[in-house]
Amino acid sequence: MNDPQDRIDNQSRRSFVGTAAAVGAGLGVAALAPGLHLIEVSQAGTARSPGEAASNTVRWGMLIDTTKCASGCDACVKACNTENGINETIKDARQGSQWIRKIELKDPKNGREHSLPMMCQHCANPPCVDVCPTGASMKRADGIVLVDRHICIGCRYCMMACPYKARSFVHQPLTEQNPEVPRGIGCVESCTFCVHRVDKGQMPACVEACPEGAMTFGDLNDPASAIAQRLAREPSTQVRADLKLNLGVRYQGI
Amino acid sequence: MTFMKQALVGFAAVLLLAPALAVAEAPKPALKIENPGQCIAPAEEMRRNHMEMLKHQRDRTMRQGIRGEKASLNECISCHASKSTGSVLGKGGFCQECHSYAAVKLDCWDCHQPKAGQKHAGVAGVKE
Chain A
0 MNDPQDRIDN
10 QSRRSFVGTA
20 AAVGAGLGVA
30 ALAPGLHLIE
40 VSQAGTARSP
50 GEAASNTVRW
60 GMLIDTTKCA
70 SGCDACVKAC
80 NTENGINETI
90 KDARQGSQWI
100 RKIELKDPKN
110 GREHSLPMMC
120 QHCANPPCVD
130 VCPTGASMKR
140 ADGIVLVDRH
150 ICIGCRYCMM
160 ACPYKARSFV
170 HQPLTEQNPE
180 VPRGIGCVES
190 CTFCVHRVDK
200 GQMPACVEAC
210 PEGAMTFGDL
220 NDPASAIAQR
230 LAREPSTQVR
240 ADLKLNLGVR
250 YQGI
Chain B
0 MTFMKQALVG
10 FAAVLLLAPA
20 LAVAEAPKPA
30 LKIENPGQCI
40 APAEEMRRNH
50 MEMLKHQRDR
60 TMRQGIRGEK
70 ASLNECISCH
80 ASKSTGSVLG
90 KGGFCQECHS
100 YAAVKLDCWD
110 CHQPKAGQKH
120 AGVAGVKE
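Taken in sequence, the protein lines are chains A and B. So for the first sequence, numbering that gives the first Met the number 0 puts the first residue at 0; every next one is plus one. So for the second sequence, numbering that gives the first Met the number 0 puts the first residue at 0; every next one is plus one.
Source of the hints: derived by calculation from the structure; they are not laboratory data. It is possible that part of the hints are untrue.
Across the chosen pairs, the derived CB separations fall in these ranges [claimed, not checked]: (1) A:Asp-241 / B:Asn-48: 28 to 36 Å; (2) B:Lys-82 / A:Thr-236: 47 to 55 Å; (3) B:Lys-27 / A:Ala-92: 46 to 54 Å; (4) A:Asn-86 / B:Glu-33: 50 to 58 Å; (5) A:Arg-93 / B:Glu-44: 17 to 25 Å; (6) A:Glu-51 / B:Ala-29: 36 to 44 Å; (7) A:Glu-87 / B:Ala-40: 30 to 38 Å; (8) B:Ala-102 / A:Pro-172: 42 to 50 Å.
Below 20 Å or equal to it, Euclidean Cα-Cα: the simulated DMTMM-like pairs (lysine to aspartate or glutamate) are [as the list claims (entries may be wrong)]: (9) B:Lys-54 / B:Glu-44; (10) B:Lys-69 / A:Glu-51; (11) A:Lys-101 / A:Glu-179; (12) B:Lys-69 / A:Asp-241; (13) A:Lys-67 / A:Glu-211; (14) B:Lys-54 / A:Asp-147; (15) A:Lys-77 / A:Glu-211; (16) A:Lys-199 / B:Glu-68; (17) A:Lys-164 / A:Asp-241; (18) B:Lys-54 / A:Glu-179; (19) B:Lys-27 / B:Glu-44; (20) A:Lys-138 / B:Asp-58; (21) A:Lys-199 / B:Glu-44; (22) B:Lys-31 / B:Glu-43; (23) A:Lys-67 / A:Glu-51; (24) A:Lys-90 / B:Asp-109; (25) A:Lys-199 / B:Asp-58; (26) B:Lys-54 / A:Glu-51.
If we take Cβ atoms under 10 Å as the criterion, some of the chain A residues that face chain B in the derived model are [stated by the list, open to error]: (27) Leu-145; (28) Gly-183; (29) Lys-199; (30) Gly-252.
Glycine included, C-beta positions come from ideal geometry on N, C-alpha and C.
Let's have the full structure, built from the sequences with the hints guiding it.
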């Protein structure tokens, strides 16, 4: 594909050393405080300075180790709901917003069980963006897939197109929104990787809340990031990899 | 004939009174500036152009991820929210007071929280 995101992705893998140097220079802290730099990268990624746009040299991603994910634990779901102000009472439970959900799987052949969180996979080639008639469904330069609710008309094509059932539609008026997370009636919404936190250099709420440390968040394009290092060394899977959507969320142990 | 004359006089009276009535019916909005100081631009320019500023800011933040710029809606709210109700809406609310006067209705508040300092719930047990 001719997607710039893809090119950057592949390029960074090919020219590992070159990109590492460029990223170091971009941060401008490598020489001064290498220790600090490492901590910054591993904890929170890079908070952009005010006025700076998201850049496609970064691609945000998440690695979920399902072997650590406890069945019945929903700390990530609770944290997501608190952070994003998903607190409304719903008349019809099927219509409730769900930015992240827990799935319990069982292999019928051998009885092996898995528990895992499922949410927007932040595809590099997102079908939701392809089908959107208004351009509301969008991928930010740094790979975060969002709904621009200012131009969303609520048609819900994207909900149909998403192979991961990751999007919800708001059916009723809301009043208790978190100021940092506007959401409201008539629009589609989904996991934003907590974009308002990531832009401040913080972790998504679910990652921070996971008691098992099963979720790792970071820049897939930065070879020094914890996530890129683990992906380089350990096996991982993309759910429905056959669709070739190049997912930002990767799983281990499934 | 007298009837026609009376009608004409009456009509003229209505014409003369009309401007006075219009002023009486719609008093200027009483805007309360809660945090004296300066707006992000001179008041004159704000009155005319705040909608354009907000729409540009909206796209820059939403689509390009640019943060910390001056025409942020959350910043308007934190500076302009009423100290008694905490909101920019409601009776006497800064945004609503003027918009009711100008018969403008915004859909922004379907999603955007009109109250400033609404306690950010955050993640339980984690300090920011």
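Hints and how they fare:
1. A:Asp-241 / B:Asn-48: 28 to 36 Å: At 51 Å between Cβs, range violated.
2. B:Lys-82 / A:Thr-236: 47 to 55 Å: 54 Å, holds
3. B:Lys-27 / A:Ala-92: 46 to 54 Å: Taking Cβ atoms as reference, B:Lys-27 and A:Ala-92 lie about 49 Å apart, which means the hint holds.
4. A:Asn-86 / B:Glu-33: 50 to 58 Å: Distance hint for A:Asn-86, B:Glu-33 is violated at roughly 28 Å.
5. A:Arg-93 / B:Glu-44: 17 to 25 Å: 49 Å, violated
6. A:Glu-51 / B:Ala-29: 36 to 44 Å: Cβ of A:Glu-51 to Cβ of B:Ala-29: about 40 Å, so the range 36 to 44 Å holds.
7. A:Glu-87 / B:Ala-40: 30 to 38 Å: 36 Å, holds
8. B:Ala-102 / A:Pro-172: 42 to 50 Å: Roughly 22 Å apart at Cβ, these two residues miss the hinted range, so it is violated.
9. B:Lys-54 / B:Glu-44: Distance ~15 Å between B:Lys-54 and B:Glu-44 Cα, so the pair holds.
10. B:Lys-69 / A:Glu-51: Holds. B:Lys-69 to A:Glu-51 sits at ~13 Å (cutoff 20 Å).
11. A:Lys-101 / A:Glu-179: Not satisfied, since the Cα-Cα distance of roughly 25 Å exceeds 20 Å.
12. B:Lys-69 / A:Asp-241: Distance of about 45 Å is beyond 20 Å: violated.
13. A:Lys-67 / A:Glu-211: The given pair, whose Cα atoms are some 6 Å apart, holds under the 20 Å limit.
14. B:Lys-54 / A:Asp-147: Roughly 13 Å between the alpha carbons, so the hint for B:Lys-54 and A:Asp-147 holds.
15. A:Lys-77 / A:Glu-211: Answer holds: A:Lys-77 to A:Glu-211 is near 15 Å, not above 20 Å.
16. A:Lys-199 / B:Glu-68: 14 Å, holds
17. A:Lys-164 / A:Asp-241: 17 Å, holds
18. B:Lys-54 / A:Glu-179: Judged against 20 Å, a Cα distance of about 17 Å means the pair holds.
19. B:Lys-27 / B:Glu-44: Given pair B:Lys-27, B:Glu-44 holds - Cα atoms ~18 Å apart, limit 20 Å.
20. A:Lys-138 / B:Asp-58: Since the Cα atoms of A:Lys-138 and B:Asp-58 sit roughly 14 Å apart, the hinted pair holds (cutoff 20 Å).
21. A:Lys-199 / B:Glu-44: 31 Å, violated
22. B:Lys-31 / B:Glu-43: It holds: about 16 Å lies between the C-alpha atoms, which stays within 20 Å.
23. A:Lys-67 / A:Glu-51: Given pair A:Lys-67, A:Glu-51 is violated - Cα atoms ~37 Å apart, limit 20 Å.
24. A:Lys-90 / B:Asp-109: 19 Å, holds
25. A:Lys-199 / B:Asp-58: Holds. A:Lys-199 to B:Asp-58 sits at ~18 Å (cutoff 20 Å).
26. B:Lys-54 / A:Glu-51: Holds, at about 18 Å.
27. Leu-145: 7 Å, holds
28. Gly-183: With a closest approach of 3 Å, the A:Gly-183 hint holds.
29. Lys-199: Hint on A:Lys-199: holds, closest Cβ of chain B at ~8 Å, below 10 Å.
30. Gly-252: Constraint on A:Gly-252 not satisfied, violated at 25 Å.
Hint compliance for this structure: hints 1, 4, 5, 8, 11, 12, 21, 23 and 30 are broken, all remaining hints hold.
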